[in-house]
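The sequence shown begins at 39 in this note's numbering and counts up one residue at a time.
Worth double-checking, as some hints may not be accurate.
[To be verified] Now the in silico label distances, taken between C-beta atoms and shown as ranges:
#: 1; residue 1: Gly449; residue 2: Lys314; range: 24 to 30 Å
#: 2; residue 1: Tyr294; residue 2: Asp45; range: 30 to 36 Å
#: 3; residue 1: Gly323; residue 2: Val456; range: 31 to 37 Å
Honestly, the hints are just simulated from the structure, not real lab data. Quick caveat, the model's predicted, so the values are computed rather than measured. Just so you know, even glycine gets a beta-carbon here, dropped at the ideal spot from N, CA and C.
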Amino acid sequence: MILSHNDDPTLHDGFDNKDFIKEVCLLIKKCRPPKGIGLNGYWGTGKTSALLQVYFQLSGKSPYNNDIDTNSFSAEYVDESIIPIWFEAWRYQYEGQPIVALLNEIRHQMGMFQKFTDSTKKIAGVTILGALSVFDEVIKVASGGLLKHQIDKVQTIGDTWEKERYQQHLPGQTINKLLQEAINSILPEKDNPKLAIFIDDLDRCEPESALRLMEGIKVYLNLDNCVVIFGLDQRQIERALIKALGLNNHENDEHYAREYLEKICQDIIHLPLAGKKKKSDYFSGLLKEVVGEPKHQFCVEQIIKVTSMYDCLPANPRKIKALSNRIASMFRQQLSLEWENGPTFSSLGEEQDETSNLDKNAAICLIVAILYCFHRAVYEQLQKSPEYISTVVEYASSQDLNNEDYLPMRGIKPSMSVDKELPVNPSDSNVFRLHQLLIDLRTIGSEEILLFTNL
Numbered sequence: 039m040i041l042s043h044n045d046d047p048t049l050h051d052g053f054d055n056k057d058f059i060k061e062v063c064l065l066i067k068k069c070r071p072p073k074g075i076g077l078n079g080y081w082g083t084g085k086t087s088a089l090l091q092v093y094f095q096l097s098g099k100s101p102y103n104n105d106i107d108t109n110s111f112s113a114e115y116v117d118e119s120i121i122p123i124w125f126e127a128w129r130y131q132y133e134g135q136p137i138v139a140l141l142n143e144i145r146h147q148m149g150m151f152q153k154f155t156d157s158t159k160k161i162a163g164v165t166i167l168g169a170l171s172v173f174d175e176v177i178k179v180a181s182g183g184l185l186k187h188q189i190d191k192v193q194t195i196g197d198t199w200e201k202e203r204y205q206q207h208l209p210g211q212t213i214n215k216l217l218q219e220a221i222n223s224i225l226p227e228k229d230n231p232k233l234a235i236f237i238d239d240l241d242r243c244e245p246e247s248a249l250r251l252m253e254g255i256k257v258y259l260n261l262d263n264c265v266v267i268f269g270l271d272q273r274q275i276e277r278a279l280i281k282a283l284g285l286n287n288h289e290n291d292e293h294y295a296r297e298y299l300e301k302i303c304q305d306i307i308h309l310p311l312a313g314k315k316k317k318s319d320y321f322s323g324l325l326k327e328v329v330g331e332p333k334h335q336f337c338v339e340q341i342i343k344v345t346s347m348y349d350c351l352p353a354n355p356r357k358i359k360a361l362s363n364r365i366a367s368m369f370r371q372q373l374s375l376e377w378e379n380g381p382t383f384s385s386l387g388e389e390q391d392e393t394s395n396l397d398k399n400a401a402i403c404l405i406v407a408i409l410y411c412f413h414r415a416v417y418e419q420l421q422k423s424p425e426y427i428s429t430v431v432e433y434a435s436s437q438d439l440n441n442e443d444y445l446p447m448r449g450i451k452p453s454m455s456v457d458k459e460l461p462v463n464p465s466d467s468n469v470f471r472l473h474q475l476l477i478d479l480r481t482i483g484s485e486e487i488l489l490f491t492n493l
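Generate the whole structure from the sequences, applying the supplied hints.
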């Protein structure tokens, strides 16, 4: 049993997005380069894991070498005509020209791929070395003549490049032709071979760095054998572009930023957002992994049952992991935290039978954990004054969201007003999703809250 989940990317498809992964794989395989593809998702919704799964499905390999076990997974769309390249953009965001780091990484990974891949391609080894030497020359040009491929760090060339970038004569068509031919000479002799370049965490880069990398990709890698796949939060990238391009004084700055992004990414595909059942199933698997004591099994099952009845989880794997870790910690801190045959309540939307009866302590445990993870000000108020729970229950059904008694909730985004659902970001953890659950509970006593807030 593990004590806590981490946030590492995984090949495990927790939200059952296999159809989405298949769609992206087929798009990469069948598209006509040059091509830019964006996998768009909010922060924490699993973009890196989705990129990783696409990479694995196309190659049968992991870009993290032996750090991820691939033996438990099946690659169904392996295409030997594709060489995948993995690049973590945020690691190089403080370089003067991130494109230099990307070209270096492509050179290195293509060389390693060719070295360890059996091929019937009829070319001499010297041809491969010649192709890689073209990368050396392009890297030298891209860095303003300041780098050779043997140099590992590119930090020091930033300032000089900024000063000299407009003094260099870049024979663009010649460079692109040489680079395209160099890539072709290493690609497998298959129909429509291509380089698939996966760019992760572009949306976590500083605005200027994100812009430099996109500009560099457009200049150097807009080639007939290259597909670039970006993992990004479109909102964050557009905001970064607005800042980096100095569009703040334009009335249509969002439109201009989107137009710029669409020149880089011709297809932007949205990561599917999980519904109530998928979120509950994912949470169930996570919670059972970190709460393994047999005496807690009943409690865990009852908490999971509440999430299956109420849509109170964000569509965000990172946040759901944090919630499961918190509940596991609550059980560890108080080993006697267990209950059975306690008070129950029924969802007003369900028929009154024994299957619709829900455990009240399980619901309160879940509510307290959600407040702890996502609504800190409310949780701290409950720690200070447990009787404040009655105000939280009132807030759930209130029409006056500006009531002074609701000050700790002031920064929270409600998802309901009376019996009407409000439009909210489905993955945002700052959205209050406990309205219906609190309404159905009707009353919660301060002594019931104390059991879970004193942990």
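Okay, the hints, checked on the actual structure:
1. Gly449 to Lys314: 24 to 30 Å: holds (25 Å)
2. Tyr294 to Asp45: 30 to 36 Å: holds (34 Å)
3. Gly323 to Val456: 31 to 37 Å: This hint holds: roughly 35 Å between Cβ atoms.
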